[in-house]
Amino acid sequence: MGFTELLDQVGGFGRYQWLHVTLISLPGLMMASQNLLNNFVSGIPAHHCSLPANHSLHNMSHQVDQQQLLKVFIPFDATGNRLHRCRRYVQPQWQLLAVNSSANVSELQTEECVDGWTFDRAEFFATTVSEWDLVCSLRSLKQMIQTIYMGGVLAGAIIYGSLSDRFGRRSVLIWSYLQLAVLGCSSALSPSYTTYCIFRFLTGMAVSGIILNGVSLKVEWIPTKVRTLVGTLTSFFFTFGQLVLAGLAYWLRDWRKLQLVVCVPHFLFFAYSWWYSESARWLVLNRQSEEALKSLHRVARINGKPEMVDKITLEVLHSNMKKEIESSQSRFTAYDLLKTSGMRRISLCLVAVWFSTSFAYYGLAMDLQKFGVSIYLMQIIFAAVDFPAKLFALGMLSYLGRRVTQAMCLFLSAAIIFANIFVPTDLQTVRTVMACLGKGFTSASFTTVYLFTGELYPTVIRQTGMGFVSTMARVGSMAAPAVLILDEVLPALPSLVYGGAAVIAGCFACFLPETLNVPLPDTIEDVEEKWSGHPHRQQEGVSLKEGATSKEDIVDSGGVASKEGVALKELTEIEGIGLSAL
14 MGFTELLDQV GGFGRYQWLH VTLISLPGLM MASQNLLNNF VSGIPAHHCS
64 LPANHSLHNM SHQVDQQQLL KVFIPFDATG NRLHRCRRYV QPQWQLLAVN
114 SSANVSELQT EECVDGWTFD RAEFFATTVS EWDLVCSLRS LKQMIQTIYM
164 GGVLAGAIIY GSLSDRFGRR SVLIWSYLQL AVLGCSSALS PSYTTYCIFR
214 FLTGMAVSGI ILNGVSLKVE WIPTKVRTLV GTLTSFFFTF GQLVLAGLAY
264 WLRDWRKLQL VVCVPHFLFF AYSWWYSESA RWLVLNRQSE EALKSLHRVA
314 RINGKPEMVD KITLEVLHSN MKKEIESSQS RFTAYDLLKT SGMRRISLCL
364 VAVWFSTSFA YYGLAMDLQK FGVSIYLMQI IFAAVDFPAK LFALGMLSYL
414 GRRVTQAMCL FLSAAIIFAN IFVPTDLQTV RTVMACLGKG FTSASFTTVY
464 LFTGELYPTV IRQTGMGFVS TMARVGSMAA PAVLILDEVL PALPSLVYGG
514 AAVIAGCFAC FLPETLNVPL PDTIEDVEEK WSGHPHRQQE GVSLKEGATS
564 KEDIVDSGGV ASKEGVALKE LTEIEGIGLS AL
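Residue numbers for the sequence shown follow my numbering, so the first one is 14 and each next one is one higher.
Simulated from the structure, these hints should not be mistaken for laboratory data. These numbers come from a predicted model, not from an experiment. Treat each hint with caution, since some may be false.
[Unchecked claim] Simulated pairs of lysine to aspartate or glutamate, DMTMM-like, Cα-Cα distance not exceeding 20 angstroms: (1) K324 - E18; (2) K307 - E18; (3) K324 - D133; (4) K307 - D323; (5) K335 - E304; (6) K307 - E233; (7) K238 - D439.
[Claimed, not checked] Label-pair distances were calculated between CB atoms; the ranges are: (8) S387 - S153: 23 to 29 angstroms; (9) S184 - A66: 53 to 59 angstroms; (10) L351 - I172: 16 to 22 angstroms; (11) L110 - T208: 26 to 32 angstroms; (12) T346 - A91: 34 to 40 angstroms; (13) V502 - T442: 41 to 47 angstroms; (14) S153 - Q81: 46 to 52 angstroms.
Note that CB positions come from ideal geometry on N, CA and C, so glycine has one too.
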């Protein structure tokens, strides 16, 4: 009997688990706001060069309206349909107002916007773009804000993933709430572009801490049979958060107010996060069994199982997790994710899946203004498509398993991205619908990979593993906007890159082991026993699995090695010999 059975004895998925999962999932409403905030905070309003401050109308014999005045000072762009955003005439061209004017405007001398820009306030009242003039030659700085933020998310995945395996999920999660609340609100007061970017980087680190530790703390306190349902349903908090973001952005339309409103709730999350119980699995494996026992007793009381307080003692806890306790005496690093064959296969496949999922997702979701529709409406549409996509993923996760769902979501998203290449640009509605479908499947892929990763990595190194593979997701999210520049070379090239990456990742997903209805692994040995690609392979005459229960025995017993197996010391020695030969 292992920790899973102990969890069933204290109530399974009872009152405590309902509260625990709900409270940890609530911040997901604001996580969407953080990840997609740049669409609105750094939205690009319609703009043109400001008119010269010394222009005069005293010699005009008739009244000139604003549109006529703009025609005199601002040329049209290459399309001829709108005013140029980055150039103006050196001298006012009054002759252009004549009814029969035949002036060749292409020969008229123009200059850059030396007096700054005038921004339209119909869609946005104020953004970082309008406040710091991040247009024309400085337009790349607008996207740099998102890249820097994702760089912070990347750094947070590396740093907080490792720290939580050392100091616990609960402690790092509480700190991340506070960091996001304080630094997020501070970014709303940024006096300069540089200061804002620094705050966004640190905010991104906190976002990683919240997401990674929230997922692990949820997974480690819920029974195996409900993990799929809980994992998928809680992902809807992120989907609702996208709708919340659209509503807040439409209501406020001021980047400082929006930044403040989406960060203030984290003070509330920080306040109630002290109620969380630390993962009992982590406590036991880090030689804090007394605290783990207190947590189990607390859960039993909340779940209406007070009689289990006397039945579950330290002796019972230790006897049930003897193997895991002995295995946890050594410290683990990221190197252990690649050290053994089973862990190496899992890690390399997950790296490809995380990178491509994030790469395609943010490539579609971070450029809403290109669709020619209201940015607020596009945000709602992109959020709404997540509902059927995730329900589709839930059904597949429960009946077909994680591996099939992961691969199918990636292949379908790739197929839709490729298909969109052949849709004519004048069929903007069709292209938008296709993009929404592609975004829906990448969102379903995200839902699947978060759950899948938490189930594949063992407890002793789960957070380090989550941090390791999600690092590639952040690299993907940082690279996605840069790929959009390739449309200047070939309009279809970004879609080819996004779709190609999804196809490759889908192939990698096919090599991941299935975890449907399989208990969470607690040690690296558990992973190797269950999912090693070569369970009976001989290494210099010594089998890596020598003395262990056979693969068939493991399957017959529900994926958990029996207590009558070989002693941990013998397994460790054999594994060491096998690894030396790799």
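Structure-based check of each hint:
1. A C-alpha spacing of about 13 angstroms is found between K324 and E18, which places the hinted pair at or below 20 angstroms, so the restraint holds.
2. Distance restraint check for K307 and E18: the Cα-Cα separation of roughly 17 angstroms lies within the 20 angstroms cut-off, and the hinted pair is therefore satisfied.
3. Restraint check for K324 and D133: the C-alpha separation of about 70 angstroms exceeds 20 angstroms, so the hint is violated.
4. Simply put, K307 and D323 have alpha-carbon atoms about 12 angstroms apart, close enough for the 20 angstroms limit, and the pair holds.
5. Note on K335 and E304: the hinted pairing holds, with a Cα-Cα distance of about 17 angstroms set against a maximum of 20 angstroms.
6. The straight-line distance between the Cα atoms of K307 and E233 is roughly 16 angstroms, inside the 20 angstroms bound, and the hint therefore holds.
7. For the proposed pair K238 and D439, the alpha carbon gap of about 49 angstroms is over 20 angstroms, so the pair is violated.
8. Roughly 25 angstroms separates the CB atoms of S387 and S153, a value that falls within the hinted 23 to 29 angstroms.
9. Taking the beta carbon of each, S184 and A66 are about 57 angstroms apart, inside 53 to 59 angstroms as hinted.
10. Restraint check, L351 to I172: a C-beta distance of roughly 19 angstroms satisfies the suggested window 16 to 22 angstroms.
11. Between L110 and T208, the C-beta spacing of about 45 angstroms breaks the proposed range 26 to 32 angstroms.
12. Separation of T346 from A91 is about 55 angstroms and departs from the stated range, judged on CB atoms against 34 to 40 angstroms.
13. For the pair V502 and T442, the supplied restraint of 41 to 47 angstroms is violated, since their beta-carbon distance comes to about 27 angstroms.
14. At about 34 angstroms, the beta-carbon gap between S153 and Q81 misses the expected band of 46 to 52 angstroms.
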